[in-house]
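Novice: Heads up: the sequence lines are chains A and B, in that order.
If you're matching positions, the first sequence starts at 1 in our numbering and goes up one per residue.
If you're matching positions, the second sequence starts at 1 in our numbering and goes up one per residue.
It is possible that part of the hints are untrue.
Straight-line C-alpha distance at most 30 Å; calculated DSBU-like pairs for lysine-lysine [as the list claims (entries may be wrong)]: (1) B:K103 x A:K260; (2) A:K88 x B:K247; (3) B:K115 x B:K103; (4) B:K247 x B:K115; (5) B:K115 x A:K260.
No lab work stands behind these hints: they were computed from the structure.
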Amino acid sequence: MYYVELLLVGLVWGCTYAMMALGLTLVYGLLRILHVAQATVFTLGAYVGLLVANHTGSLAAAFVAAGLAAGALGPLIYRLVYQPILDKPPFVALVASIGVLIAMEDGFRLVFGPYGLSFAKNTWFTTSLRFGGLSLNLVQIWIAIAAVVLLLLFALFATRTRAGVAWRATVSDPAIAESFGVSVSGVRHLSFFIASVLAGVAGVLVGLLNNLVEPGMGSVISYKGLAIIVLGGLGNVPGTLLASVLLGVVESFGTVYLDKVMDRDAIAFMFLIVVLMIRPQGLLGKAH
Amino acid sequence: MDYYLSVATFAALNVILALGLNLISGFCGQVSLGHAAFYGLGAYGAALCSVAGLPMGLSVAVGMMVAGAFGILTGFAALRVREDFLAIVTMGVGFLFLGAVRKQAWLGAEMGIAKIPSPLDKWGYAMLAIGGAVALLLLSLHVRRSWMGRAFGAVAQDEDAARSIGIDVSGYKIAAFFIGTAAAGLAGGIYAHMTQLIVPDAFNFVQSVTILAMVVVGGIGSTLGVVAGAVLLTLMPEMFRFINDYKLLVYGGLLLAVMRFSPEGLAGLVHRWTGRRLA
Chain A
1 MYYVELLLVG LVWGCTYAMM ALGLTLVYGL LRILHVAQAT VFTLGAYVGL LVANHTGSLA
61 AAFVAAGLAA GALGPLIYRL VYQPILDKPP FVALVASIGV LIAMEDGFRL VFGPYGLSFA
121 KNTWFTTSLR FGGLSLNLVQ IWIAIAAVVL LLLFALFATR TRAGVAWRAT VSDPAIAESF
181 GVSVSGVRHL SFFIASVLAG VAGVLVGLLN NLVEPGMGSV ISYKGLAIIV LGGLGNVPGT
241 LLASVLLGVV ESFGTVYLDK VMDRDAIAFM FLIVVLMIRP QGLLGKAH
Chain B
1 MDYYLSVATF AALNVILALG LNLISGFCGQ VSLGHAAFYG LGAYGAALCS VAGLPMGLSV
61 AVGMMVAGAF GILTGFAALR VREDFLAIVT MGVGFLFLGA VRKQAWLGAE MGIAKIPSPL
121 DKWGYAMLAI GGAVALLLLS LHVRRSWMGR AFGAVAQDED AARSIGIDVS GYKIAAFFIG
181 TAAAGLAGGI YAHMTQLIVP DAFNFVQSVT ILAMVVVGGI GSTLGVVAGA VLLTLMPEMF
241 RFINDYKLLV YGGLLLAVMR FSPEGLAGLV HRWTGRRLA
């Protein structure tokens with residue numbers, strides 16, 4: 001039973017990673033940018049969600065507000081930071097992105113204080129459900145539901161709508177897509193919007209899960225998001241989802257068995273390095 | 001006086017770190033996001049030896065070799081993965097180092113290693129660090145003009161083309177990682193003896209990014225630019241005490257501004273204004 005519980009906890013983390021990593025892989029697939037600053041969007045979503053929840057008492061309003069705030073910030077970062085330097089070597093965008101991340105993390109610290117804020121009323125956190133011998137709290141269950149629903153919506157969008165088809169066409173060949181009348185710039189903004197909404201919602205969920213929202217909460221999850229998209233084979237959506245879930249489970253079991261040797265983050269990156277040494281193109285990536 | 005000496009020592013240590021990273025990322029084109037790990041390996045290696053009773057010179061040499069050995073391992077990783085994949089793997093190396101050290105009782109875990117013997121005075125450490133920085137500066141200038149430097153440049157620009165004209169790409173990549181990480185190990189060894197206390201968090205991802213910031217602000221690939229970048233970023237928080245509270249805000253903003261307006265850094269600005277390329 002203990003193992004089942006570890007597995008479930010791992011899967012819940014995998015769902016959180018998936019919400020974060022899907023956006024990162026969308027951005028990478030389109031622009032070849034490692035969008036570390038996604039952490040900023042995640043943290044902003046968490047803070048906005050917390051403030052709205054504490055003021056109105058409504059979690060639904062919190063999620064909507066967080067999604068909107070995050071959804072506005074992401075395209076803004078694209079517009080102000082990435083768009084002017086798209087023709088530069090890849091490390092330029094990466095370093096700029098790291099710059100945004102650490103500056104904004106300090107910004108959150110200055111505005112909201114260094115110690116983090118908690119939800120005034122977090123009933124999801126305090127309510128747990130028991131299934132047989134297993135106990136999960138409501139946040140964990142909602143994380144799983146949110147991840148599945150949002151990813152399904154994304155799959156429907158990508159396969160069934162005109163915008164989704166335009167998006168996929170742009171990923172595979174921007175020049176030809178543009179000659180068919182697709183607005184490449186529009187697709188890029190849309191990708192940043194989708195990625196950021198997912199990150200913002202994930203931010204609120206992780207804030208609820210830990211019952212704590214703090215300035216640095218996004219950075220480690222964003223670094224792991226990058227590890228995940230590399231693990232999945234950069235720009236490969238199914239690979240990213242597989243890698244997210246695998247990483248969640250590996251971490252969950254690793255923290256039990258490797259606790260004396262290394263911490264949770266080290267386990268995640270150890271897994272990344274080992275897999276990449278065996279499969280340099282990632283789990284589902286194509287070999288060059 | 002003591003204050004100026006310690007600022008000068010830290011500036012020199014940062015020059016060593018930044019020039020080492022510049023050799024890997026600037027000359028040889030292998031972006032590394034985990035340079036602080038090698039700084040840490042050098043510091044821990046030297047500290048353990050020194051606490052066990054070895055003389056300082058030998059301890060620092062051991063620290064350099066430890067860092068260099070792990071650098072060679074990372075160099076092998078650079079043979080398997082490229083560009084963005086490599087950037088993330090080196091970031092992983094940093095987290096792996098930190099996460100492993102934190103859990104090792106024999107490395108002092110979170111508390112680090114304290115009471116490291118300190119045989120020199122402030123002047124001694126300043127001279128040692130500045131000597132190391134000057135040596136590495138001369139080495140960098142020399143390498144750039146040597147056959148090795150040109151081979152590094154070829155690997156950085158197009159490794160397949162370099163391989164096709166018979167350049168030993170793997171050998172040069174590993175050499176770049178070895179020299180750059182051993183330099184970081186030297187800085188770590190001096191740092192450990194000078195401060196007499198090392199903790200894992202001194203070698204975290206922010207430290208790696210700070211070293212990268214020095215390289216990038218100075219102008220990646222330009223030795224003199226990188227020296228200027230390292231000295232500038234060390235002095236800036238000292239000159240403007242009020243910045244210390246907003247240090248990361250300023251660092252982050254500076255990185256962003258440099259990338260956005262002058263991706264070639266200070267060296268790029270000099271080139272734009274005077275028409276001359278910095279070495």
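Novice: Take the hints in turn and mark each one as holding or not.
Specialist: Right, here's what the structure says about each hint:
no., hint, verdict
1, B:K103 x A:K260, "holds, 6 Å"
2, A:K88 x B:K247, "holds, 27 Å"
3, B:K115 x B:K103, "holds, 20 Å"
4, B:K247 x B:K115, "holds, 29 Å"
5, B:K115 x A:K260, "holds, 25 Å"
Of the numbered hints given earlier, the model fails none.
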